[in-house]
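**Student:** Fit chain Y to the given chain D structure using the hints.
Listed here are the chains, written in short residue letters.
Number of protein chains: 2
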Amino acid sequence: MKEKLFNKVCIFGVGLLGGSIGMAIKKNELAGKVVGIGRNIERLKKAVLAGAVDTVATDYTAEVKDADLVILSMHIKSSIEAAKKIAPFLKKDAVVTDVESTKELFCKKMQQILPNGIHFVGAHPIAGLERHGVDVATHRLFNGAVCVITKTSKTNKNALLKVKRLWNKIGADVVLLSPCQHDKLVALTSHLPHIAAVSLVNALGKSGSIGKDLKLVIGNGFRDTTRIASSSPQMWQEICVTNKKNILDVLSKFQRELDKIYKLIHESDSEELIKELEKAKSIRNILE
Amino acid sequence: MKEKLFNKVCIFGVGLLGGSIGMAIKKNELAGKVVGIGRNIERLKKAVLAGAVDTVATDYTAEVKDADLVILSMHIKSSIEAAKKIAPFLKKDAVVTDVESTKELFCKKMQQILPNGIHFVGAHPIAGLERHGVDVATHRLFNGAVCVITKTSKTNKNALLKVKRLWNKIGADVVLLSPCQHDKLVALTSHLPHIAAVSLVNALGKSGSIGKDLKLVIGNGFRDTTRIASSSPQMWQEICVTNKKNILDVLSKFQRELDKIYKLIHESDSEELIKELEKAKSIRNILE
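Top line first, the protein sequences correspond to chains D and Y. In my numbering, each residue's number is its place in the first sequence (first place is 1) plus 107. In my numbering, each residue's number is its place in the second sequence (first place is 1) plus 107.
Calculated from the structure, these hints are not laboratory results. A hint or two may mislead.
A pair holds if it fits inside one copy or across any two, identical chains being indistinguishable in the list.
[To be verified] The list that follows gives simulated cross-link-like pairs (lysine-lysine, DSSO-like), each with its CA atoms no further than 30 Å apart:
#, residue 1, residue 2
1, Lys351, Lys319
2, Lys360, Lys111
3, Lys386, Lys351
4, Lys269, Lys319
5, Lys370, Lys351
6, Lys184, Lys386
7, Lys215, Lys199
8, Lys319, Lys261
9, Lys153, Lys276
10, Lys140, Lys313
11, Lys382, Lys134
12, Lys191, Lys386
13, Lys382, Lys216
14, Lys388, Lys360
15, Lys367, Lys388
16, Lys264, Lys276
17, Lys370, Lys360
18, Lys382, Lys198
Just chain D, with the same shape it has in the complex (with noise of 0.2 Å):
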C-alpha cells in the first residue's frame, strides 16, 4: 500500500497545473480524497471525468473545513481572493501552497492573509506554460520537471517537508529558493525569454502582412523561439506586474545587449560581432 501523505487535499483551479496535480496524486494514492474547487462548474465535470479530482465543490469554505492541504493554482490575482476567503475557515495545521510564477509579492500576501497555526509554503513547478486546461492535464507533466519551493525564515519545518514530499512523489526534483531569489532567477530564465518572443512575434507582426511565403520560410528557429508567446495573456500580465523590478532590470540589460550587436552590424565590425557570438555560443553550451 501506498502511502498517503493527506486525508483530503482541496485544489483550487482545475486547469494544467491543478488538474495535473489532482492525476498525479490520486495516481500516486498520495491523499485520502482529492476535491477540485472552482466558479464554472462545467470546468470541474470536466476534471472528474478526466481523473483530476474525486469530487467538486463550488462552495469552498464548507469544502476547506477538514482540508489538509489547500493548492492554490489560480491566477495570482483570483489565488489571493481565495486565500482571503478561506482563511477564516481552515482548520489548525492545514498546509497551503500554491503555483504560482512569482513568488515574493505572493508569499508576503499569504503571510498577511493567513492566521497563525496554518502553514503557507510557495511552489513554483517550472512545467506546462504554453498550454492550459485540464484536457491536457496528465500525472505525467513533472516527471522530471524541477519544482521550486520557497522558503523563509517564518516557513513551518513540518508543512515544508510536506509539501516537498508531494513534490518529489510525483516526479519533480524540487530546489529550495528563497522568494526573492526565485524571482530574480526566473525573469531571467522564463520572463525575459517570454519578453522577447513576445516582440520579436510582434515585429514580425509589424512587417507587412504575414503571407505564404513568410509562413514557408520560417524554420524551426522561429518557431522555437517564439513558441512561448502564445502562453496565456492573462497570466503573464500578472508575472509582469509582480515581478516587474527584476524584469526591467534584466530587461535593461538585454536591451544593451542588442544596442551593442546592433552597432557592431552597423560598423560592420565582423572581428567584435565574432566574439560577441562565439561568447553566446560558450554560455549556451554551458546550460543544455
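**Tutor:** Chain Y alone, transformed into the frame defined by chain D:
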C-alpha cells in the same frame, strides 16, 4: 531504375549540409558520381566513410572540368573564393548552386564571377542550423524542409528546373523567391531570432555567475528560445554582414516593441500590456 539528374556532382564543403545533400543524392541515385571537395583531407575521408560522397579531391580545378553540377556548401566567403577559382574550368552548361543563408549579395557575386554559359541558381535549404559536421549529416535532413530557390531575370530556366527537381527529389518543398525577397524574409524569421537568442544568452552571462540554481530553474522555454545561439559564430557573422540592411531594419522594429513593453511594465499599465500579449498570441497562433 531511378532517374539520374546529373552525371557528376561536385560538392564543395562536406559538413552537415553538403554531407547531407551528398547522402541524399546517393540514396536516391540522382547522380552518376558525387565528389567531395575541400581543403581538409581528414574531413574529406570522414565524408567518404559516412557515405556522403563517392570520392574526394583537394585539387578541384581538375575535378570540376566534367561536373554537371557544382554545389557550393561552405561559408559565404569560402564559397565565393572557390567560385572564382573554378570559374575558368567549368564546362559549358554546368550548373552551380549553393546553400548560403543570405542570397542577394551572393547571387550578385556569382553573376559577376561565373562566365556566360555557366548557370547559377541560388538555393537555401532551411534546415539544420545549430549543428555542424558530416558526423551529424543524414540523407533525411531535408525531408519536409523548405528550400528557397532564388530566381532572377537572368536565371536559366533549365538550370532552375534541374536544381528544383534535385531538391524535390531529396524531400524538400521548394519556394521560389527573388534574392531580395528571400533576404527580407529570413532577416525576420531567422536572423532576428538568432540575434535575440544571442543577446538573451549574453544578458544572462552578464547577470552574475551561472550557478547550480540557475541551471536547475531554466525551463524548456529558455532552452528552446536560445538553442539557436549555439550555431556557428563564423557563419552568423557572415550572415549579419551580408544581410546588414534588412537585419538592422527588423532589429530596430524589435527594439521598439521591447521599448513599448518596458514602458508598459514600468507604468504597471496592465490593460495595455494584456493587449500586447494578446496580439502576440494571436499572431503566433497563425504561424504554427
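**Student:** Work down the list of hints and note, for each, if the structure agrees.
**Tutor:** To see whether the hints hold, each was checked on the structure:
| no. | hint | in the structure |
| --- | --- | --- |
| 1 | Lys351 <-> Lys319 | between (38 Å within a copy, 24 Å between copies) |
| 2 | Lys360 <-> Lys111 | neither (47 Å within a copy, 55 Å between copies) |
| 3 | Lys386 <-> Lys351 | both (28 Å within a copy, 21 Å between copies) |
| 4 | Lys269 <-> Lys319 | between (53 Å within a copy, 24 Å between copies) |
| 5 | Lys370 <-> Lys351 | both (28 Å within a copy, 11 Å between copies) |
| 6 | Lys184 <-> Lys386 | between (40 Å within a copy, 22 Å between copies) |
| 7 | Lys215 <-> Lys199 | within (20 Å within a copy, 78 Å between copies) |
| 8 | Lys319 <-> Lys261 | between (57 Å within a copy, 25 Å between copies) |
| 9 | Lys153 <-> Lys276 | within (25 Å within a copy, 48 Å between copies) |
| 10 | Lys140 <-> Lys313 | neither (51 Å within a copy, 48 Å between copies) |
| 11 | Lys382 <-> Lys134 | neither (51 Å within a copy, 39 Å between copies) |
| 12 | Lys191 <-> Lys386 | neither (48 Å within a copy, 33 Å between copies) |
| 13 | Lys382 <-> Lys216 | between (45 Å within a copy, 27 Å between copies) |
| 14 | Lys388 <-> Lys360 | both (18 Å within a copy, 25 Å between copies) |
| 15 | Lys367 <-> Lys388 | both (16 Å within a copy, 29 Å between copies) |
| 16 | Lys264 <-> Lys276 | within (18 Å within a copy, 65 Å between copies) |
| 17 | Lys370 <-> Lys360 | both (16 Å within a copy, 15 Å between copies) |
| 18 | Lys382 <-> Lys198 | neither (60 Å within a copy, 41 Å between copies) |
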